[in-house]
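Visitor: Sequence order for the protein chains is A, B and C. All residue numbers for the first sequence refer to the working numbering, where the first residue is 2 and numbers rise by one. All residue numbers for the second sequence refer to the working numbering, where the first residue is 2 and numbers rise by one. All residue numbers for the third sequence refer to the working numbering, where the first residue is 13 and numbers rise by one.
Treat the hints as calculated values from the structure; they're not laboratory data. Some hints could be false.
To be verified - In silico BS3-like links for lysine-lysine, alpha-carbon gap of 30 Å or less: (1) B:371 to B:118; (2) B:118 to C:166; (3) C:340 to A:173; (4) B:112 to B:287; (5) A:173 to C:75.
As the list claims (entries may be wrong) - Covered, in the sense of this in silico footprint (three residues per stretch, anywhere, with C-beta under 8 Å from a C-beta of chain C), are these stretches of chain A: (6) 45-58; (7) 67-78; (8) 137-149; (9) 152-159.
Ideal Cβ positions, reconstructed from N, Cα and C, are used throughout, including at glycine.
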Amino acid sequence: MSGEWILYIVFGATALVSAIGVVFLANPIHSALSLIGALASVAGLFLAQEAFFLSVVQIIVYTGAVVVLFLFVIMLLGIDSADPREEQLLRRQWFPWAFLGGVIGVGGLVLTITGIDLPFGVSGTDTADAVNEAGGNVQALSERLFTDWLLPFELTSILVVAAIVGGVVLAKRTKDLRGSGMGLTPDLAERISEEVEADAAEGELDPEDAFEADDVDPDPDSDAVLVGETSENGEG
Amino acid sequence: MSVLAQAIPAPQTDYTTIIPELIVLGTGLLIVLMLAIRRFSNIGWYALIAALGFAAAGIVAYVDLWPEVTDGAATYAFSGMVAADGFSTFVVILSCVAGVLAVLLANSYLKREGLDKAEYFALLLFSAAGVQFMAMANNLVMVFLALEILSVCLYVLSAWNRDKFASQEAGMKYLLLGAYTSAIMLFGISFLYGGTGTLNIAALAQFFARNVLENQGLVFLGMALVVVGLAFKIAAVPFHMWAPDVYQGAPAPVVGYMAAAAKIAAFAALFRILFLGLSAMEVDWKPLLWGLAILSMIVGSLLALVQSDVKRMMAYSSISHAGFIAIGVAAASAEGMSGALFYLVTYTFMIAGAFAVIDCIGRKDEQYTKYEDYRGLFAREPLLAAILTFFLFALAGIPGTSGFVAKFVVFEGAAEGGQWALIGIGTVAAVIALFFYLRLIVLMYMQDSTERPDLAETRARVAAGPAVVLAVTVAATVLLGILPQGLLDMAGQAVFAL
Amino acid sequence: MEFDGWTALIGTGTVVAVFVVVMLMVILAVWAERRVAAVMQTRIGPNRAGPFGLLQTIADGIKLLMKESITPRQVDRLVYELAPLLAVLPAFLALAIVPFGPGFCIGGQGTDCSGGYFVDMQIANLNVGVLWFLSMSAIGVYAALLAGWGSGSKYPLLGGVRASAQVISYEAALSLSVVPVVVAAGTLDTQGIVLAQSQYRWFLLPLFIPALFFFVAALAETNRPPFDLVEAESELVGGFHTEYSGVRFMLFFLAEYVNVVTISALFVTFFLGGWTGPYPVAGSVNWAPLFGAIWFLAKTVCIIGIFFWLRVTLPRLRYDQLMALCWKRLIPINLVYLMAVAVWVAYQATGDLPRLVGGG
Chain A
2 MSGEWILYIV FGATALVSAI GVVFLANPIH SALSLIGALA SVAGLFLAQE AFFLSVVQII
62 VYTGAVVVLF LFVIMLLGID SADPREEQLL RRQWFPWAFL GGVIGVGGLV LTITGIDLPF
122 GVSGTDTADA VNEAGGNVQA LSERLFTDWL LPFELTSILV VAAIVGGVVL AKRTKDLRGS
182 GMGLTPDLAE RISEEVEADA AEGELDPEDA FEADDVDPDP DSDAVLVGET SENGEG
Chain B
2 MSVLAQAIPA PQTDYTTIIP ELIVLGTGLL IVLMLAIRRF SNIGWYALIA ALGFAAAGIV
62 AYVDLWPEVT DGAATYAFSG MVAADGFSTF VVILSCVAGV LAVLLANSYL KREGLDKAEY
122 FALLLFSAAG VQFMAMANNL VMVFLALEIL SVCLYVLSAW NRDKFASQEA GMKYLLLGAY
182 TSAIMLFGIS FLYGGTGTLN IAALAQFFAR NVLENQGLVF LGMALVVVGL AFKIAAVPFH
242 MWAPDVYQGA PAPVVGYMAA AAKIAAFAAL FRILFLGLSA MEVDWKPLLW GLAILSMIVG
302 SLLALVQSDV KRMMAYSSIS HAGFIAIGVA AASAEGMSGA LFYLVTYTFM IAGAFAVIDC
362 IGRKDEQYTK YEDYRGLFAR EPLLAAILTF FLFALAGIPG TSGFVAKFVV FEGAAEGGQW
422 ALIGIGTVAA VIALFFYLRL IVLMYMQDST ERPDLAETRA RVAAGPAVVL AVTVAATVLL
482 GILPQGLLDM AGQAVFAL
Chain C
13 MEFDGWTALI GTGTVVAVFV VVMLMVILAV WAERRVAAVM QTRIGPNRAG PFGLLQTIAD
73 GIKLLMKESI TPRQVDRLVY ELAPLLAVLP AFLALAIVPF GPGFCIGGQG TDCSGGYFVD
133 MQIANLNVGV LWFLSMSAIG VYAALLAGWG SGSKYPLLGG VRASAQVISY EAALSLSVVP
193 VVVAAGTLDT QGIVLAQSQY RWFLLPLFIP ALFFFVAALA ETNRPPFDLV EAESELVGGF
253 HTEYSGVRFM LFFLAEYVNV VTISALFVTF FLGGWTGPYP VAGSVNWAPL FGAIWFLAKT
313 VCIIGIFFWL RVTLPRLRYD QLMALCWKRL IPINLVYLMA VAVWVAYQAT GDLPRLVGGG
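Starting from the given sequences, assemble the full structure and let the hints guide the process.
Guide: Laid out in structure tokens, this is it:
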């Protein structure tokens, strides 16, 4: 058993456990923390492959920036604890399907991979020796990046520009909407008030308390879940 | 300093092969830059710039590249990242045409809805560049990157009418599901790399020519996952779930472009990866495509029958069209693919024209898209109703329109491969499709619009942009229906060298 | 050189030595900060515990250790407990790549130190040292963020959210001001960066703007005034550590000062020639490593002094000013400067400008 193999097992196991945690932990913040664990474990896996640069960049980019933004959004929106009824609704709708899909996926994966002699396929050209010969991780990587992979590198910048332009356009509020609440557009506000009035007409609740009441229509076909959730945010 | 002494070799940069893409991207960046410096109050200027950019790119591709690429074999550029051949150049020209149509449609829409932000055109240009790079990609990473560029732009465009709940919903659904399938596709790409040790599509073919795999499991899984990722983009059943909601919620001009662009890109990539890269695995991927084609045609047509919203119906119709195009790819022959290319051209015109009409009839906020709103349309808007009728007939594949020729050439490709079952099912689906198009048409000619005084009062306004689009698309649909030979030859040339 | 008991001993010894030196610096820094502030404000400052009040920090430390560690009822236990650890851990881990002096050889001969043991005056000589530092400071964000949220109280939450936004933004500015150094030195290895500045070719002069921006970003990164919005006492009580007391509070306090020491040491490494000094020239005298360490620490202390000076001098920024400074000033100017440095370095290396601008 080589050191690399041990590292692989340790980090692979933590990555899997953390990934499961991401899905099954009830609190979104705990899920995000678990995600940090998973991403850091992947950095460890890179380390075991002697890909130091990739490993460190993985930590900087994913744990240092991406998950921080996740946490940031979760905290700002204040979705600390989801309404248990909503959660159940979600579970009832999706769980059987998700479970079925998972079983098929994992089964297929196991069947395919067990039929193959390890190590699978062919090994890549960039072995550790080749990298060391080129002068280490950073040099080898930069050389490949700026020669063979130049076009994909440049296209990535286009992708980022497109994403930024799109993000800014969608996020920038038009002036007359300012102060109407987070994510509460006139259209949505109208829908919510209609919903509330309808409920009031049925004598279910007082329109004044509508936002606190968190009324969720148990009918899975209606959009009530979405509206209920957004009204909560709109208030904050 | 010591490290720099061993300077790296200069990258292989053959800008001439990607001139159209550079023009399109450059125009997009120019618009973004102009917006950063000073905003013109009239976005018409930006529309003009975008349209000129598309036109220039298309013309350069046709005049400069097309004669070159149809003569000989593919030229690989940027260290084998992109391949310039007839196929890719054909798609580049087509995407430029789609882009011009989209710009013309969007200008008046954006002004009418008060959504006039010129970033729209920049995103349109970027997304078209995504389509073009997807067709040219000779590397799986390039395929993925181009797909992402296209997708990100389409997510944003779908949610463009952000004050409208349905549009937000469309963007959100498209984004979440799209991101998920992108991950699946990336997973597939990594499996392919693990199994073959290369990401280069041409090298994949060489790998299979030199090696016989004892167990194809890993490569098969990778191929299947890549197909799933692309099938999502073309909205093939069972990966179509997003399409109805997105088509219904997104602005009509966006849908008119998106329906065509996403299909063009995904089919191009599908063809390149499967036919050129994994041709050795033909027996494995053919059944997958058959399945997708059959399910899409049947399910799309059947579900379109029961819709009550025109945009939603068009979504299911586009799903069934995806099935028809998939027949061409599944034929796994140059004939089949040239048929599919022809189909994509006709579809681009038809869908742009149809959504131009839907946009005009929908008016502000696209409030009139229900079947109820189309009842008696002919009495109120004879011209628009007639044009829409024409497009619906073309989509259904009535002889004399380009839709008929398109279905015919696709079936022809399948027939040469002896896939009669596929043709049989396709014919049945086409008949079902005729029914749901007819249902709307019949509704339009019913004479009881008296119940809708709100519609009777005002007439739908057809702005200059949509008017031009309508004229062009009607002309193209008629022309390609009567004299399809020129384009058929071009499509044949496009795939000939492959 | 094979791995044996001596290598392990040297490794452990380095870790212990670095730890002791840094802890001493932290203890003195806390005391010095209060004395410096006192002098500048014509007060006396702490002068009771020990000579000149030198033992004040230790007395405070003992006090914090003895105090009850209160856990408010509404906290999220896991996150609340985790946050102080996440503050201290990256702070110390980042120290691993600080080169305190030139490496030296024990018992071996020649330049490759054959037969002996080569001692690096740093914990880990990584070839991606600079990135290691950046990744550790990136993880450091979580301390404030999680402390703020885990406390289950509004002031800490606001502090935590402010902290994360501030630190991510300035992380970008910090990274971008290090990149010109990396380009100019041609390596990501901190020891290599120091060597590239030998013979007084300090990067401070040619890279003055990145150096200035690095310093500004460093202030923000460590949440030091005038960027201490995270714990602005007039607005947020104590910021993200309002609900912490006793040992846990001490850990936050410790992490802040360790970060100050680390980042000052790295400023010295990147821009002030690290351990190089006027006497002796490396290798000429047996005691060169010791002198190197002395030069290094002296420079570091000067930088820490500037941290203190700014604290008593400058008023706190407003939040929008903070963000505008980072995104609209530091980052764009840094990018332009980086471009210029890259072109200059490439020109120096190849002597061929036309090729650089794509002339084939």
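Visitor: Hint by hint, note whether the structure agrees.
Guide: Now for the hints, and whether the structure bears them out:
Our distance criterion of 30 Å between C-alpha atoms is met by residue 371 of chain B and residue 118 of chain B, whose separation comes to about 28 Å. A C-alpha spacing of about 38 Å is found between residue 118 of chain B and residue 166 of chain C, which places the hinted pair above 30 Å, so the restraint is violated. At most 30 Å may separate the alpha-carbon atoms for a hinted pair to count; residue 340 of chain C and residue 173 of chain A meet this at roughly 18 Å. For the proposed pair residue 112 of chain B and residue 287 of chain B, the alpha carbon gap of about 46 Å is over 30 Å, so the pair is violated.
With a C-alpha separation of about 50 Å, the suggested pairing of residue 173 of chain A with residue 75 of chain C is violated against the 30 Å cut-off. Here's how the segment 45-58 of chain A fares: 4 of its residues keep a CB closer than 8 Å to some CB of chain C, so the rule of at least three is met and the hint holds. Figure legend: the segment 67-78 of chain A, annotated as covered by chain C; annotation consistent (6 residues with Cβ-Cβ distances under 8 Å, at least 3 required). For a cut-off of 8 Å, the count of residues in the segment 137-149 of chain A with a CB near a CB of chain C stands at 3, and the three-residue condition holds.
Check result for the segment 152-159 of chain A against chain C: violated, 0 residues qualifying (beta carbon to beta carbon below 8 Å, three or more required).
Hint violations for this structure: numbers 2, 4, 5, 9, all remaining hints satisfied.
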